[in-house]
Every structure is written in structure tokens, then in C-alpha cells.
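Enquirer: Taking the hints into account, I'd like the entire structure generated from these sequences.
According to the numbering used here, the sequence shown holds residues 1 to 104 in order.
Hints are computed from structural coordinates only; laboratory data are not their basis.
All figures in this text were calculated on a predicted structure; none of them were measured in a lab.
Each hint should be verified, as a subset may be incorrect.
To be verified - Distance condition first, Cα-Cα at most 30 Å in a straight line; then the derived DSS-like pairs of lysine-lysine: (1) Lys84 with Lys31; (2) Lys38 with Lys54; (3) Lys52 with Lys31; (4) Lys53 with Lys31; (5) Lys49 with Lys25; (6) Lys62 with Lys31; (7) Lys42 with Lys63; (8) Lys52 with Lys63; (9) Lys17 with Lys84; (10) Lys93 with Lys52; (11) Lys25 with Lys42; (12) Lys17 with Lys31; (13) Lys63 with Lys17; (14) Lys59 with Lys84; (15) Lys53 with Lys42; (16) Lys17 with Lys52; (17) Lys38 with Lys63; (18) Lys99 with Lys31; (19) Lys62 with Lys99; (20) Lys31 with Lys42; (21) Lys49 with Lys31; (22) Lys103 with Lys49; (23) Lys17 with Lys99; (24) Lys25 with Lys52; (25) Lys38 with Lys103.
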Amino acid sequence: MESNLTSSCFIRNDEPKIDITTLDKVTELFKSLADDLKLSPKYAHAYEKRDKKKEGDFKILKKFRHIGLVEPEDDMYFVVIESKSCRLTTLGKYYWCLKDQSKI
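Expert: Structure (C-alpha cells):
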């Protein structure tokens, strides 16, 4: 593509869909690219024996799913209730690698 510009300019300046501190959690939740994250009912806020840390992680996973970084086996609610798992999408793996290499 050819251009007659002498300097670059921003076409659009937009807020990110997710905060960078939240994105940092991708390497904490997924230890490697190939790992699936096994969820349990302890991640659900309606579960009697819930874990506050896991409940917070579940909120982050829902944000990741919303922007296309995580792919659950089923609907997120049923993944938790039926103890299924989530995995990173191609985009999620890309951000995982960037975070792992300390580029973000």
C-alpha cells in the first residue's frame, strides 16, 4: 500500500475493551498455552461453599470470553456447574505470549 503522508496520524483513538491489569491475569489463570482451565462450582457466586478468589477469577473469565480471549465448552454458567473447562482462543494465546514475554 502506498501513501503520500510525511508522518503517521491516528485514525481512531478508542478506550481498550479490557483494562491492562485485568489482562495481566491471563498468565495466572492459564499456566501454559495448551492448558485448559478446569472450573468447579466454587467459581459460582450462588454456590454455598464458594471461594472469593475463584469467584473473582470467574468474573475475569467472563470478561475474557466477552472480548474473545477464552472459549468455554458450553455456556459459562453450565461450565461452572458441570465442572467443565475453558481454553484460550487464538487471540487469547497471542496475548498470553505477549504477557509471558513481558511485552505488555
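Enquirer: Of the numbered hints stated previously, which ones are contradicted by the structure, given in increasing order?
Expert: Structure breaks hint 22 only.
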